[in-house]
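A.B. asks: Here's the letter readout for the chains.
Number of protein chains: 4
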Amino acid sequence: MLFKKIFSKNNLHALVHNSDTKLGHLFALFIQALIILSLITFSLETLPNLSTTQRHSLHLIETVIVILFTLEYLLRIYVADKRLSYIFSFYGFIDLMAILPFYIASGLDLRTVRLFRLFRLLRIFKLFKYSKALQRFKRAFILVKEEMLLFGFVALIMLYLSSVGIYYFENAAQPEQFQSVFHSLWWALTTLTTVGYGDMYPITVGGKVFTFFVLMVGLGIVAVPTGLIATALSQTRAEEK
Amino acid sequence: MLFKKIFSKNNLHALVHNSDTKLGHLFALFIQALIILSLITFSLETLPNLSTTQRHSLHLIETVIVILFTLEYLLRIYVADKRLSYIFSFYGFIDLMAILPFYIASGLDLRTVRLFRLFRLLRIFKLFKYSKALQRFKRAFILVKEEMLLFGFVALIMLYLSSVGIYYFENAAQPEQFQSVFHSLWWALTTLTTVGYGDMYPITVGGKVFTFFVLMVGLGIVAVPTGLIATALSQTRAEEK
Amino acid sequence: MLFKKIFSKNNLHALVHNSDTKLGHLFALFIQALIILSLITFSLETLPNLSTTQRHSLHLIETVIVILFTLEYLLRIYVADKRLSYIFSFYGFIDLMAILPFYIASGLDLRTVRLFRLFRLLRIFKLFKYSKALQRFKRAFILVKEEMLLFGFVALIMLYLSSVGIYYFENAAQPEQFQSVFHSLWWALTTLTTVGYGDMYPITVGGKVFTFFVLMVGLGIVAVPTGLIATALSQTRAEEK
Amino acid sequence: MLFKKIFSKNNLHALVHNSDTKLGHLFALFIQALIILSLITFSLETLPNLSTTQRHSLHLIETVIVILFTLEYLLRIYVADKRLSYIFSFYGFIDLMAILPFYIASGLDLRTVRLFRLFRLLRIFKLFKYSKALQRFKRAFILVKEEMLLFGFVALIMLYLSSVGIYYFENAAQPEQFQSVFHSLWWALTTLTTVGYGDMYPITVGGKVFTFFVLMVGLGIVAVPTGLIATALSQTRAEEK
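Heads up: the sequence lines are chains A, B, C and D, in that order. Residue numbers in the first sequence follow this note's numbering, run continuously in steps of one, and reach 241 at the last position. Residue numbers in the second sequence follow this note's numbering, run continuously in steps of one, and reach 241 at the last position. Residue numbers in the third sequence follow this note's numbering, run continuously in steps of one, and reach 241 at the last position. Residue numbers in the fourth sequence follow this note's numbering, run continuously in steps of one, and reach 241 at the last position.
Honestly, the hints are just simulated from the structure, not real lab data. Please note that the accuracy of each hint is not assured.
[To be verified] Label-pair ranges, simulated between beta-carbon atoms: (1) D:Ile36 with B:Phe93: 29 to 35 Å; (2) D:Asn11 with A:Leu156: 56 to 62 Å; (3) D:Leu37 with C:Thr204: 47 to 53 Å; (4) D:Leu37 with C:Leu156: 53 to 59 Å; (5) A:Ile203 with D:Leu84: 23 to 29 Å; (6) B:Lys138 with C:Leu161: 58 to 64 Å; (7) A:Phe93 with B:Val64: 39 to 45 Å; (8) D:Phe88 with C:Val217: 54 to 60 Å; (9) D:Ile36 with C:Lys145: 22 to 28 Å; (10) D:His25 with C:Phe30: 54 to 60 Å; (11) B:Ala33 with A:Ser89: 34 to 40 Å; (12) B:Thr63 with A:Gly206: 28 to 34 Å.
[To be verified] Straight-line alpha carbon distances no greater than 16 Å define the calculated EDC-like cross-link-like pairs of lysine to aspartate or glutamate that follow: (13) B:Lys208 with D:Asp81; (14) C:Lys9 with C:Asp81; (15) A:Lys208 with B:Asp199.
[To be verified] Just some of the chain C residues that point at chain D, by a computed CB distance under 8 Å: (16) Ser43; (17) Thr46; (18) Ala80; (19) Phe141; (20) Leu189; (21) Thr190; (22) Gly220.
All C-beta atoms in this analysis are idealised placements derived from N, C-alpha and C, irrespective of residue type, glycine included.
Next comes chain A alone, as it looks inside the complex:
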């Protein structure tokens, strides 16, 4: 009877969904730790030159994680008020995707799908009551949505025009590097975002003068959206008070 009482559906529901209770908080923390552990094993598996022992250890940890995630998935189905709506919900799909590949194929490498598990990390915000900051960000984004779209569109045109321009200036001098407008797009992207890997850069006088004008006009267009979000966030924060 005691066992039944402790593991009653109500208590389990609170465990899974109510992170305000101590046990629920621990459960949420455990799942989050498990997610991070699974990301680390996932990353470690990509390392070359792993010994057979190391591969076996990683596979073992992997198996344990999947079993625990499976138990969590079954538990969530069990405690759900409307089971079908959970299974076909966004998080229900994510939870299934985190375990399904392991069962379907050990030979096939479908582990990428487990990445979707990442979305569960968003629940961390609920724990730390970051929902306020998230909603403020959402309101700030709505506030600047139009400008963002406008700048995004203008940035795309800017990137395209820069590619076409540099193609005309550099194609003759560097036919290997600036083969086509599509190849030049890579230059436009790395230049206007100021990444500047150095794998492509103009060497003709015309190309350099063109880059001067592209940067003078383009830097603002690419960088302004960042400033827009920042000022919108401070504005929504001010409006709250």
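Based on these hints, arrange chains B, C and D on the given structure of chain A.
C.D. replies: Leaving out everything else, chains B, C and D in the frame of chain A:
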């Protein structure tokens, strides 16, 4: 009679100019799709190693696009209230430039002019009612025009002084790279915009110390205008309410 | 008697703690100059190809600095109202760490610990009455703390997802460069911060298209916190008035 | 008599100092054009592989410019109310420095001093009535002076600590690149400003992890001042109304 009624000048005028009506909206969308298609074919034509079949296909698409743009141009002249003022207007010139090169020369490569067609993309904003965002941007720009000019001018002086300085520090050590003040300008541009391709960089102690001071002072001058536009945009948005 | 009066505990306390008095100000400036001198000698010692004479000179300066710091430490203990609480305080620990390594080991190279002496530089702000600016910054930081944490967390997820993505696109083409997700993290960091050393960059079409999307989304996430601090600082400044 | 009237001291004074009159405006424009021409000749002279004819032409233009600047200097002395105070004023010194090197030494290359002529370009702002924007910038700068100093100081400490850190991580692996803390400072500068030339970058795991933390903390410190100036400028603009 019915044909005449449907294709009356009034109806055609609404088709071309009034994107609020369903047909006008479809017409605008069709022209925009055509513009994007012509940009893609234009870009594809720059690809090296195209087969003869591919070149022929692209030329065919090209021809169809120009014919459609020609029909649109003639339609716009026909429905215009003041035909001459349309022909000599900005968009009239753009519309002509989008088709003229094709007729003038098949042998000559004047296709670049078609790029002006890009300006028509700005009409997209009207469709999505982005005019409000555009006008806000315009007011924000007027608000910061003086500072922008001031910073633009100071940025040019900064670029020039940096070039002269680095020329004196690096010319002896890297005569190939820092050949003249003009060559050094390219270094100043890629450094102050933080692109940093890595094709030119100081190697002397003096040049490195000089770069330190240039970056400390220069970064602000080059980056401030972006912040100015962002804050001006948020201010104009606040004033609207 | 006069000697006793001049070197009374009260006077010495004022000397050490009260930088408003002339002597106290001079004492503070002297200690700061000593800190900067010790940083310069520390840096000079890392230079290769030093002659034996130069090494001896640096060691001599080093010894004099440590003796002076020791005297200062003993003086601070002597004038402290609660000696133990000073010794076990943060600055007491720093003061000890600045001299201890020298006495413990001449052979062992523990000089790194002396770096903690750097924290004393923070006292400079008190002299120039920058405490107001520092406190404003502190209030501004508290104002945006939640957003900063949110963006910091999202930035980490962004970095991780970018690494995993580029690993899948580039691993086959550049197995040496993009060996694992961990190696790709270095690429993600230098790209999203727009540093772009050029030691790692995508060469496949897929990798370049992926980089386009990573930069479009990622730049904002990494750069917004800077804008947040700036606007929060201007807000707290406005609130003060 | 007419000659005397036209070239009276009053008229000449108006010519030199009052750019509101038509002649004064033309005089100012002429001097500015001359300054820009002298900058261009100065830059052209740095070009290698100039023919003897080209060198002679540049020297001729140079001589004419100096003669015109000398006439301007003498004119300014003649019309000055207090001649000595003009000669020993900032602009008086600049005006002298623009011509003196030419007379002192034709053999010696003291042409660098002519650079000070650049400061005269600042007068352009007066013409276009940009004084309002300049004064707003000045007020904005005063508003954020304390934070700027604070951030400047923290940025220097950040640069130094980053250099020391990377030196310890990379010195063993790349003794040629990271020779000393001073050599590492160059890396810290190009990394924290996100220039990233690619001439120095960490290759050890420790160095890369260290760079991660340096960038996470450092980017904000280096970039915040820009945001500060931008928000301060928008604030001062708002206060004006």
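A.B. asks: Which hint numbers does the structure go against, in order from smallest to largest?
C.D. replies: 5, 6, 9, 13, 18, 19 and 22
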